[in-house]
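**Q** Sequence:
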Amino acid sequence: MASRVLDSRAMRPLQPATSLWKQYDPEAAPRAFKAKTATEARRWQRTTRRALAGHLRLEAGDGVDPEPRRIEVVDKGDYLREKIVLRTGPHSRMPVYLLLPKGAEGPLPSVVAFHGHGYGVKDIVGLWEDGGERDVPDGYHKDFGIALCRAGFAVAAPEISGFGERQTDFSYLGQGQGAPSTCAHMAFLAFHLGTSVVGIRVRDGLRLVDYLETRPEFDTGRLGAMGISGGGMHTFFSTCIDERIRACVVSGYYSTFRESILAMNHCPCNYVPGLSEFGEMHDLAGLIAPRPMLVEAGTHDPIFPISAVRSGLARARKVYGVFGAGGQVKADIFSGRHQISGARAYDFLGEALA
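One gets the numbering used here by counting positions in the sequence shown from 1 and adding 3 to each.
It is worth saying that the hints were derived from the structure and are not from the lab. Quick caveat: nothing in here was measured; it's all calculated off a predicted structure. Each residue gets a CB set at the ideal place from its N, CA and C atoms; glycine is no exception. Each hint should be verified, as a subset may be incorrect.
Cβ pair distances, simulated, as ranges [stated by the list, open to error]:
no.	residue 1	residue 2	range
1	L265	T171	20 to 28 Å
2	G177	E108	54 to 62 Å
3	G181	W24	51 to 59 Å
4	T40	G181	29 to 37 Å
5	G134	T171	33 to 41 Å
6	G181	K25	29 to 37 Å
7	S338	G177	45 to 53 Å
8	L192	G134	37 to 45 Å
Derived lysine-lysine pairs resembling DSSO-like cross-links, with alpha carbons at most 30 Å apart [to be verified]:
no.	residue 1	residue 2
9	K145	K86
10	K321	K79
11	K321	K333
12	K145	K333
13	K145	K79
14	K86	K39
15	K39	K333
16	K37	K25
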């Protein structure tokens with residue numbers, strides 16, 4: 004008997020995503036941005052920012068003494084690189100590199116620099132994975148932490164939870180047991196406990212800014228954030244929550260959930276259970292408005308399609324327009340793949356944090 008082959012239309016009801024996509028309706032999300040006036044928009048921000056903070060369970064690090072511990076100070080000629088370790092939660096510590104321009108009078112305009120996936124924060128402060136010094140930018144990060152410092156900013160570059168020194172030790176599994184990545188393991192464990200990696204990382208960022216407020220070199224009244232890939236995610240959500248961040252550069256992340264994060268293979272650390280309550284990515288951008296936001300995007304980035312970036316930017320400008328600030332959403336769309344550009348970022352932050 005000849006086998007019968009179902010055509011693609013007949014097979015769709017068999018695919019689990021079919022029924023799930025039927026439930027995907029960001030326009031009808033209870034906390035989506037629907038304001039028509041600036042007054043309504045500000046009211047929406049107050050209630051939605053509070054709701055998002057609760058959804059991410061950010062209270063876990065409130066009131067924790069950072070107990071800063073200095074590890075080293077390295078003179079790099081035109082700047083100093085200081086390494087410290089901070090407590091960010093009851094059971095959490097975070098290494099941070101502080102890059103300080105030499106000869107500049109503080110307090111300086113400041114930027115928190117969030118690295119993306121890879122071997123960790125060393126990759127944005129001029130260090131190889133083994134700790135060796137390097138003087139030439141490498142990889143998709145392009146040592147953008149140093150570039151920010153040389154542009155005149157005091158820079159704080161944290162080791163994001165899940166990378167570098169903050170990876171999980173899976174040696175208890177023994178050889179050949181298929182240890183997961185730290186990102187995947189912490190994401191699934193966080194989901195089981197009712198939270199998310201996004202929440203953990205944003206909490207760490209909040210505690211870092213708390214600490215920077217105690218450092219005379221950092222002017223946290225002129226504070227920006229910049230990150231690439233997973234660091235772009237960190238930048239985006241941190242700026243949504245933390246109003247002390249006055250401007251942000253989101254590189255290799257801002258697009259739409261529908262066409263990127265939910266459409267293809269991404270690290271589990273990108274996901275927040277129940278985030279659909281808050282609509283699409285442009286709705287969340289309403290929590291950043293009217294603060295300046297620059298989006299960097301490569302035309303050949305395979306995991307953040309440029310069409311999604313453009314449509315997400317257009318929707319974000321409409322949201323910002325309700326605040327009378329549509330021009331505050333900027334873009335650096337460059338010919339390239341998943342990487343830092345920097346062509347506009349440093350001048351953009353300089354102007355926004357002047």
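**Q** Return the numbers of the hints above that this structure violates; sort them in rising order.
**A** 3, 4, 5, 8, 10, 14
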